[in-house]
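Trainee: One-letter residues, chain by chain:
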Amino acid sequence: MAGVTIEGVTKVYGSRESGIVAVSDLDIEISDGEFVVLVGPSGCGKSTTLRMVAGLETITEGTISIDGEIVNDSEPRDRDVAMVFQNYALYPHMTIRENIGFGLRYSSDLSKDDRIERVEDAAAMMGIEELLDDKPGQLSGGQRQRVALGRAIVREPQAFLFDEPLSNLDAKLRVKMRTEILQLQRELGVTSIYVTHDQAEAMTMGDRVAVLDGGELQQLAPPQEVYDHPVNRFVAGFIGSPSMDFMETTVEERNDRYVLVGRSNDTLSYALDRSVTERLELEGGTDLTLGVRPEDLDVIGDPADRDPRNSFEATVDVVEPMGSDNFLTLDVGESDSWTARVDSSFVPEEGSQVGVTFDESVLHLFAADGETLKSQGTTTESYHEAEPMTP
Amino acid sequence: MLGLSAVSERYRKRRDGQPLLNRLEVSDSTLRWIFMLPSIAVLAFISIFPLVRAVWMSLHDWNLTSGKGAFVGFGNYARLLNDPEFFRFEFDPSQPLEFVLSGSVVHQAVYTGFSVTIQLVLGVALAMYLFSLSERWQPIFRTIFVLPMLVTPIATALMWRLMIDGSIGVLNFMLEAVGIAPPAWTSSPVMAMVTVIMVSVWQWTPLVILIVFAGLLSIPESRYEAARVDGAPRWAIFRHVTLPGIKYMIAIALVFRLMRSFRAFPIIETITSHGPGTSTQIMNIQLYRTVFVGTGDAGLGAALGIVLIVLTVGICMSIVRRVGMMQ
Amino acid sequence: MDVPRKTDVGFWILSTRMAPPLAILIPLVGFYFTVGIGQGLVGLTVTHLLITLPLIIWIVKGFIDELPDSLEESAMVDGCNRIQALRTVVFPLVAPGVAAAAFIAFIFSWNNYVLALYLTTGASSTLPIAVSNSVGTYSIQWGQLGAAVIVTILPPIVLSLLIRNYLVAGMTMGAVKG
Chain A
84 MAGVTIEGVT KVYGSRESGI VAVSDLDIEI SDGEFVVLVG PSGCGKSTTL RMVAGLETIT
144 EGTISIDGEI VNDSEPRDRD VAMVFQNYAL YPHMTIRENI GFGLRYSSDL SKDDRIERVE
204 DAAAMMGIEE LLDDKPGQLS GGQRQRVALG RAIVREPQAF LFDEPLSNLD AKLRVKMRTE
264 ILQLQRELGV TSIYVTHDQA EAMTMGDRVA VLDGGELQQL APPQEVYDHP VNRFVAGFIG
324 SPSMDFMETT VEERNDRYVL VGRSNDTLSY ALDRSVTERL ELEGGTDLTL GVRPEDLDVI
384 GDPADRDPRN SFEATVDVVE PMGSDNFLTL DVGESDSWTA RVDSSFVPEE GSQVGVTFDE
444 SVLHLFAADG ETLKSQGTTT ESYHEAEPMT P
Chain B
229 MLGLSAVSER YRKRRDGQPL LNRLEVSDST LRWIFMLPSI AVLAFISIFP LVRAVWMSLH
289 DWNLTSGKGA FVGFGNYARL LNDPEFFRFE FDPSQPLEFV LSGSVVHQAV YTGFSVTIQL
349 VLGVALAMYL FSLSERWQPI FRTIFVLPML VTPIATALMW RLMIDGSIGV LNFMLEAVGI
409 APPAWTSSPV MAMVTVIMVS VWQWTPLVIL IVFAGLLSIP ESRYEAARVD GAPRWAIFRH
469 VTLPGIKYMI AIALVFRLMR SFRAFPIIET ITSHGPGTST QIMNIQLYRT VFVGTGDAGL
529 GAALGIVLIV LTVGICMSIV RRVGMMQ
Chain C
70 MDVPRKTDVG FWILSTRMAP PLAILIPLVG FYFTVGIGQG LVGLTVTHLL ITLPLIIWIV
130 KGFIDELPDS LEESAMVDGC NRIQALRTVV FPLVAPGVAA AAFIAFIFSW NNYVLALYLT
190 TGASSTLPIA VSNSVGTYSI QWGQLGAAVI VTILPPIVLS LLIRNYLVAG MTMGAVKG
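Residue numbers (the numbering used here), protein chains in the order written: chain A, 84 to 474; chain B, 229 to 555; chain C, 70 to 247.
No wet-lab data here; the hints were simulated from the structure. Where hints are given, some of them may not hold.
What the hints assert, rightly or not - Here are the simulated lysine-lysine pairs, DSSO-like style, with alpha carbons at most 30 Å apart:
| # | chain 1 | residue 1 | chain 2 | residue 2 |
| --- | --- | --- | --- | --- |
| 1 | C | Lys75 | C | Lys130 |
| 2 | B | Lys475 | C | Lys75 |
| 3 | A | Lys255 | A | Lys195 |
| 4 | C | Lys130 | A | Lys218 |
| 5 | B | Lys296 | C | Lys130 |
| 6 | A | Lys218 | A | Lys195 |
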């Protein structure tokens, strides 16, 4: 087992000058036994990165090393990694036994008896012993998934590479397999890289999460940190479900205080505490994006009860009962509606007016270029280095 | 954790026991050329060499067996255009109804135009009929519909020739039995053309049926259901669900039928001997008779061959490109 | 595997198949006379080989295109090199397609009349020619005709029924999956 280092890796399809850049100057260092999730929207370069680690794509620039050895020019078979594909890629003409043993046949010098034993151990671990003599075509989606995992673990490789392995499963099975993969990885302690577009998988599975967009690494951090302290507006919006509510605002000075005023609707205002403004060295006229997570919103049934300084009115468009809580879709006068996550006992009438407020500590602020100025909390780590852009 | 030397040792050991082919370390770029070369060579031999040589031959007096003669430039093409067997058009304005329009190009156009059109229309209709059958009858009818296509063309041709024979023909006998005077199948120019088109339709409509049937099977049931839920009448379902669903298949059938109609030979030659006169002589047959029968005028034949290749490949490939068969 | 100018090569292969065989035969026959094989089975065989190859390439290509890339990739991550992946994973999976292509090519060659008409004579004539010859202008050798027709049409029919699931793909060079 070994660490995987991705250093300055760039992938360009087509010619180096005019081609399409899929991955740009990516640096990720994965330590031995770590589980790193690459997450991002489709086309962000996450799968390309994984395929470069596997050796299925050439690397345009930069280096990838496995266990300290640069593998840029090695064939996939020489890298000693195992990969689980989105469609599982089980060989349809082989039995499950042959499928699992396939890698051992070609990448190890084990004797036949040893191989049989290893295959049976792996099958037992995945709970698919009875299926060993079936063909993949006879199996259900979940069973195929287990076989694909069995095929990976049987080789005891240096690293596991997962390419959206759960996206072909139904929701319930997906959650179950998520846990199973995680337990398996913990048990075996094999370095793993896991690609997904599902932020929930990223949050629950990764030791660290790498958020990619447009071929560039946005943030690489443990899941809670990515959630609490996203480095920019993209990460803030991508991680978390339902996603963060945003409002475009301008800082205005009113009565010796700084107030955020909605740019498209100036009846929306939120007074900032002096500690925040001083810390951020805000000036009047600065454009900022305000962000709040739906679970941090407080919705007040009677708008008259609200404190006018740091709250505003909204119209309830839709109420979605989720069982444990209710999702409210709110019209706050912005082009994008807001979502609030409230207790299931609170069911306002659709079309009614409510008050919306939130605590200063949950407030996120982003500069005009998308960089985070302030994230969740009031501690030092909530204040980011980036300078606010002044007009 | 293994060191580098241990890893490479392991790989070396592993490879030594394997057949030579697996041990070869060939890079991808070399490999793709190794794989492609034999085919490229043969394809070059079949497409570039004959084509260049055919063009070269068409610019010379050339006898098939004795070989190259004098360079004549485009002389062979000029001879071809002036050859009444290739194209003949006589029109006298004073008698506008008695014009003459013949030659292999014209016969080709008539033969191709009518046979392919009838095959397509009939093929689509029969494919839809086949599609509408219950699961029990579908395989049986499918086999019956397909059979004519599987019969060796020369056997088809002989069978029809015997069936319409003036003295022993079964078809004539049957027609007489129901009181219809049998037509003179091959003795008038128009009737001879009708006969060869009919046999061609018999032999090749099955291909269209098969292709279109495959298209019908590929239309998802939900699309019909959506149209039915939307209250579409039957003709609208055909127009907006069925037809778009089999458009590609019809185009493919068209390409393959066009291609084959340009190379039709055994049916026409066996049934009508390109006659009466040369009235069912299409280009492919003219080419055969020019080059391989009699004096062996390969120069003229090559010119005709070039025209035929350009026509066939041009028409077929333009359709192929348009329907996106290459993807 | 990425091949440069893939579509152009494909287009070229396909157009080779479109050209009428007789038009290609003219320059080939000239060549056969030059190298001294002239008329006969050798020339016929070579001609068939040349004309059938594009068909085979195109049909088998269709079957390979249908395989998910990930199967080959998975084999390569599992320790195969390109050739091993081809042998152990790709080839077994396209084998039915290769067989179908072979049968289709067989049927085309078996049925072919026009090439054999010129290239073979007398003892070397192929079945379609023999069948045709048994029907003279004034007399018909019924026994000979019957036997020859049966022998001629049976193999293609039997083979076609064997590969009926691939027949449409074969007849349309893979443009239509049956």
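Trainee: Indicate, hint by hint, whether the structure satisfies it.
Mentor: Results for each hint:
1. Only pairs whose Cα atoms come within 30 Å are accepted, and Lys75/C paired with Lys130/C is accepted, the gap being roughly 12 Å.
2. For the hint pairing Lys475/B with Lys75/C, the CA-to-CA distance comes to about 26 Å; that is within 30 Å, so the pair holds.
3. Our distance criterion of 30 Å between C-alpha atoms is broken by Lys255/A and Lys195/A, whose separation comes to about 38 Å.
4. For the hint linking Lys130/C to Lys218/A, the alpha-carbon distance of about 25 Å falls within 30 Å, and the restraint holds.
5. Only pairs whose Cα atoms come within 30 Å are accepted, and Lys296/B paired with Lys130/C is rejected, the gap being roughly 40 Å.
6. At roughly 21 Å between alpha-carbon atoms, Lys218/A and Lys195/A fall within 30 Å of each other, so this suggested pair holds.
The structure is inconsistent with the numbered hints 3, 5, although it conforms to all the rest.
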